[in-house]
Amino acid sequence: MSLRKLLAASAAAIVLPAHAAGALEGAVTKSEINPIAIAMFLAFVGLTLFITKWAAGRTKSRADFYAAGGGITGFQNGLAIAGDYMSAASFLGISALVFGSGFDGLIYSIGFLVGWPIIMFLIAERLRNLGKFTFVDVAAYRLKQTPIRTLAASSTLVVVAFYLIAQMVGAGQLIKLLFGLDYATAVVIVGVLMVVYVTFGGMLATTWVQIIKAVLLLGGASFIAFMVMRHVGFSFDRMFTQAISVHSKAEAIMGPGALVKDPISAISLGLALMFGTAGLPHILMRFFTVKDAKEARKSVFYATGFIGYFYILTFIIGFGAIILVGSNSIYLDEKGGLLGGNNMAAVHLAHAVGGEVMLGFISAVAFATILAVVAGLTLSGAAAVSHDLYANVFARGKVDDQKELKVSRMATLALGVVAILLGIVFEKQNVAFMVGLAFAVAASTNFPILILSMFWKGLTTRGAVVGGGLGLATAVTLTVLGPAVWVKVFGYETPIFPYDAPGLFSMTVAFLGCWLFSITDSSAQASREAALFEGQLVRSQTGIGASGASSH
Amino acid sequence: MPTELLERIARDPHYLELTRKRSRLAWTLTAIMLAVYYGFILLIAFAPDVLRQRVGDGATTLGFPLGIGVILTAILLTGIYVWKANGEYDRLTARIHEKVGGQP
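Heads up: the protein sequence lines correspond to chains A and B, in order.
By my numbering, the letter at position 455 of the first sequence is numbered 455, and the numbering carries on one by one without gaps.
By my numbering, the letter at position 38 of the second sequence is numbered 38, and the numbering carries on one by one without gaps.
Same shape as in the complex, but just chain A:
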């Protein structure tokens, strides 16, 4: 066994979800109008709009808008975090992987999960104790406001923009496929609904949309998995036996396969995914919706539990699809491939075990899932504009509550328009690289600044700005010069930078930059910042001085 294979395997665990998360690529054909799916989706929209109206009555201050007044419980927040993480693409993508190669799919979902305990042990409670509305509050806690906020808000917007485009394009494709709606119509519907949820209902509505969607998704997936288990007489062993007998790879689905490219890009993407999760602004923002560190910890525990359970379900669903879909000619095209591609494995399985009704339900849940994820992204982008850039940089912290709230709503509207336009512009583009880039930027700018500001006394404003800026620039530049953009988008023969994922390089540059430009910083500002560390540490450990729940 070579080192190459080892490294490849170690990162294999996390490679595919990045692509899976961008998901639904390639030519997608418009399908027949599906009335059950549309009725169920309309019921979901009706319910969420009703909740938005209720939430709007309770969204009166910026604390309500950004953080739902800090009044979400740990359990609710855990569900909402799980909702953010269980995107339609990860549901369809991971079950597709299991369907295609069995055991390998399980390796991927494990890689996706193991970042969460680390967030729990090292980040969650310190973040909650130090921040107010955004993770940038924490990064700028003892450093100079203007430069840090400008940088962190910019990288937040970059992350949000790429993630949002990938979701919008995925949404358009998926909806075209599942509902038979026109691509542009689908993108506009998604964009308008997300703006309505966020503008009127703020974080409270966004959280509940996320919770409802998480419950529907977990419920639907549990039902399908239950039906699969019933089919095999509740015996995993029988499930494996049947799967082996019908799968084209036979026994090979029962052990590690070979789905990995070169080890460097594998490690690189693995790093970006693990630490990118800990730097995603819309995930970090969720920790401010609970009242204190205790609830923040509970959130992560519930989230980890739900996400882990969900991955076990997707694994059963993938095997169920091998047995019930892969061998049934009504789901296959003339070449023996799955109709609509492997990403449709879970959708076809829903039909196989629950008929038209379950198919409609799962389609509606997939649509709802996309809506919930884009709403969360838009809200964190709006907060970067109104809270970090407008209130704390432009107005230097001197802004009244209502004015900031108004700016945040305008920012939401603007982001919605931009998201719709970009969604339409990028329809025919290959957007697979965008989710990877979003994770790489989060891991190379947000994560280093955040973790160093909390754990390392020596970090100075100069170090953070130079290091974070270099990380951002490196991640973007290497992605553009790499195969995903240089070859697949621009159409050149060979890439200038040979790897798909820049994370290994951009994270190294970021951490080195932060370190070098901090230790050589002998300014008076730098020693003031170091002197503030002790107070920050005590607050991060005890919560003394932390902002509590807002009062209504």
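If the Cβ cut is set under 7 Å, some of the chain B residues that face chain A in the computed set are:
| # | residue |
| --- | --- |
| 1 | 19 |
| 2 | 29 |
| 3 | 37 |
| 4 | 58 |
| 5 | 60 |
| 6 | 79 |
| 7 | 82 |
| 8 | 90 |
| 9 | 93 |
What the hints contain is simulated information worked out from the structure, not anything from laboratory work.
From the three backbone atoms N, C-alpha and C, an ideal C-beta is built for every residue, glycine too.
Using the hints, position chain B against chain A.
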């Protein structure tokens, strides 16, 4: 936070106990999680045949129970942390709060 208050907390025996115990647990659990995860990955890389080995006389291979085990370990470890932190550590934190009269 006023300097005088800060120094009082930083010297407080409960504060010292809290930070010592909590960071020991946090780093220990982090290390266990990384060891379990990378242990699994090392098996995939160096001994894939171990994972392909059948358990009993059925079709199930060792890889599946181990893989599910990693998922359950992740959930279990976060559970242990929450249990310790929301019980023992929060009681210590509450004592610090009482002493300094800070808002919880």
